[in-house]
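Line by line, the protein sequences are chains A and B.
Each residue of the first sequence is one higher than the one before, counting from 1 in our numbering.
Each residue of the second sequence is one higher than the one before, counting from 1 in our numbering.
Keep in mind that a hint or two might mislead.
In this list, chains with the same sequence are indistinguishable; a pair is considered to hold if it fits within one copy or across any two.
To be verified - DSS-like mimics (lysine-lysine), calculated; alpha carbons at most 27 Å apart, straight line:
#: 1; residue 1: K181; residue 2: K319
#: 2; residue 1: K14; residue 2: K270
#: 3; residue 1: K69; residue 2: K7
#: 4; residue 1: K196; residue 2: K26
#: 5; residue 1: K3; residue 2: K75
Just so you know, these hints were derived from the structure itself, not from any lab.
What you are looking at is a predicted structure, and each value in this text was computed from that prediction instead of being measured.
2 protein chains.
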Amino acid sequence: MAKRVGKSIIYDKKIVITHYAAQVGKTEGEGPLKDEFDKIYEDSYLGESSWELGESKLLENTVNCLLAKAKMVIKDIDCIFSGDLLSQCISSSFAFRDKCVPVVGLYGACSTMALSLINGCNFLEAGSGSNAVCATVSHFCSSERQFRFPLQYGSIRTPTSQRTVTGSGASLLKCDCDGIKIYASKIGEIVDFGIKDSNNMGASMAPAACRTICEFMSDLNMEPSDFDCIVTGDLGIVGSELLCELAQKEYSVDISSVHRDCGKMIYYIKEQDVHSGGSGCGCSASVLNSYFLKRLENGELKRIMFVATGALLSPTTVKQQQTIPCIAHAVILEGLK
Amino acid sequence: MAKRVGKSIIYDKKIVITHYAAQVGKTEGEGPLKDEFDKIYEDSYLGESSWELGESKLLENTVNCLLAKAKMVIKDIDCIFSGDLLSQCISSSFAFRDKCVPVVGLYGACSTMALSLINGCNFLEAGSGSNAVCATVSHFCSSERQFRFPLQYGSIRTPTSQRTVTGSGASLLKCDCDGIKIYASKIGEIVDFGIKDSNNMGASMAPAACRTICEFMSDLNMEPSDFDCIVTGDLGIVGSELLCELAQKEYSVDISSVHRDCGKMIYYIKEQDVHSGGSGCGCSASVLNSYFLKRLENGELKRIMFVATGALLSPTTVKQQQTIPCIAHAVILEGLK
């Protein structure tokens with residue numbers, strides 16, 4: 001049985017990620033991590049008739065790629081934990097329709113990859129199944145249309161804005177076999193610092209990330225030097241700087257030497273003109289399920305904290321001039337060697 | 001540790017609902033269940049500046065009512081499992097911001113009440129916490145604006161359409177104490193029968209409900225007579241009739257004598273002119289957390305199957321003329337006496 005320490009959870013079973021997959025779009029495939037991904041799509045529609053269906057296809061293909069690596073078919077899966085950014089999480093629902101597999105729909109905005117891993121762990125630790133797929137996806141074109149402006153408008157973006165990653169990541173969880181161990185997790189709290197600028201999501205999310213990271217370490221009596229990296233999902237340049245400042249100021253913890261951010265890693269930020277960096281639930285999902293899990297597998301990394309952050313706004317709350325509540329969910333992952 | 005039988009889950013721990021609360025809007029408070037609810041709001045805004053914020057307030061108030069019954073404060077809660085119908089689940093995110101409590105965001109459309117109970121059970125069975133609040137909400141006015149037309153248009157509705165319930169329900173889960181036992185659960189599969197009419201959600205959801213109900217009974221070697229009721233969430237008149245027909249035709253199971261539907265129960269359907277009945281995640285949540293849990297508590301009911309159904313469409317998929325994928329999650333609840 002898992003052990004609750006403060007508000008954090010240490011798993012009793014050896015829950016591991018045995019396989020993982022990540023697929024991305026063209027722009028992400030031109031960034032510094034291009035050789036890490038399983039597949040890069042040139043066509044933003046993935047052959048579908050809309051970007052929304054393309055996004056759903058990207059998730060479906062990524063999960064199929066994962067299953068192929070694990071030599072499994074989808075009916076072997078005990079439960080899929082998935083969610084996405086589109087209203088009513090349609091990418092996930094359409095990707096897994098008529099697959100004869102139980103599906104738990106999640107909503108955590110860009111924090112979904114960590115949220116899905118945590119709920120997958122609870123499912124396995126409970127004994128409710130013997131495996132689980134945890135996955136998510138986002139798409140630049142469908143997100144722009146939904147949250148900002150149709151791309152055809154050619155709107156100019158602010159310097160603090162981030163580019164939604166076209167990408168998907170999926171992990172296969174099992175118990176008691178070889179793989180990257182999920183040692184502990186922390187379910188996030190919703191933090192609202194009163195920021196209203198939906199073009200500055202990094203700044204909105206930094207306080208939530210700070211609380212989760214610092215309280216997770218405090219619960220487990222750990223410190224930054226216990227980790228090879230503390231990896232945030234998509235704070236970008238602005239949010240990453242703020243996170244390190246806040247951690248120092250609020251908790252007297254210096255995480256700057258071990259902090260990495262998937263949103264900063266996935267693009268050549270200046271050359272690719274992506275302003276403050278990448279965002280979207282596909283950002284942390286695709287970078288975790290390629291770059292980081294590979295390095296935990298080959299021994300280059302021993303232990304990381306993966307903290308996916310989500311800005312829980314909607315087009316409606318932006319129009320109604322509401323502030324942006326944010327959340328950050330985290331897991332501690334330990335390598336094979 | 002829980003036991004997996006087929007694709008169903010039987011819990012090992014005694015996981016119980018110790019307290020529950022349900023609050024609704026004016027129209028629901030004029031229906032046949034008016035004396036069952038904890039509070040009826042005359043003001044559709046609940047004193048807020050928008051229906052969306054009013055919906056969020058309804059959820060927050062319902063959870064506060066639950067906590068007051070349990071003599072707890074929100075910081076005593078180990079995790080809240082919640083979701084709603086609004087895009088990006090803003091009712092839930094806004095209701096629980098800055099409460100210093102871990103939150104798992106879920107998306108299951110109108111199936112959310114069962115989905116939240118199941119994930120709460122996994123959380124407790126895993127030992128990840130010692131209590132959990134499972135909750136959801138929906139609101140007629142915000143749903144109409146989002147999914148159909150602004151109310152001000154005064155649009156005429158089709159006879160198969162359903163009225164989104166303004167209502168919220170919340171359950172408190174604990175282990176090993178007195179309460180209504182959650183014996184088993186079944187996470188739903190996404191079923192798409194090719195129906196495209198978003199004004200006929202009952203018909204879209206009936207096949208998903210049918211599969212979950214019949215396969216759940218088959219997994220556990222049970223039959224309709226083992227239940228006092230098999231309660232669906234919001235199939236309404238059209239969907240309920242279809243469900244009983246489908247169960248007979250596809251699985252040779254006659255559930256007609258024990259079938260109840262919250263969408264049919266919550267309104268005087270003809271007198272209140274609500275077409276095919278109630279819908280929305282607040283429909284099943286408010287009826288479960290009042291009428292049914294009261295009767296399981298006082299011994300009038302011994303065992304029920306609660307099956308909440310969700311139509312996983314979005315305004316975008318409707319405009320893009322896609323079919324409606326549906327899901328149904330179920331739990332078996334056993335009374336105190």
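Hint check results:
In this homomeric assembly, K181 and K319 never come within 27 Å of each other (Cα to Cα): the closest approach is 42 Å inside a single copy and 43 Å across copies. In this assembly of identical chains, K14 and K270 lie within 27 Å of each other by CA distance neither inside one copy nor across copies; the values are 42 Å within and 56 Å between. Taking the shortest Cα distances, K69 and K7 sit within 27 Å of each other only across copies (24 Å), while inside one copy they are farther apart (35 Å). Taking the shortest alpha-carbon separations for K196 and K26, neither the intra-copy value of 31 Å nor the inter-copy value of 33 Å comes in at or below 27 Å.
When the C-alpha separation of K3 and K75 is checked against a cutoff of 27 Å, the pair qualifies only between copies, where the shortest distance is 19 Å, while the shortest distance within a copy is 31 Å.
Violated hints, listed in ascending order, are 1, 2 and 4; each of the other numbered hints is respected by the structure.
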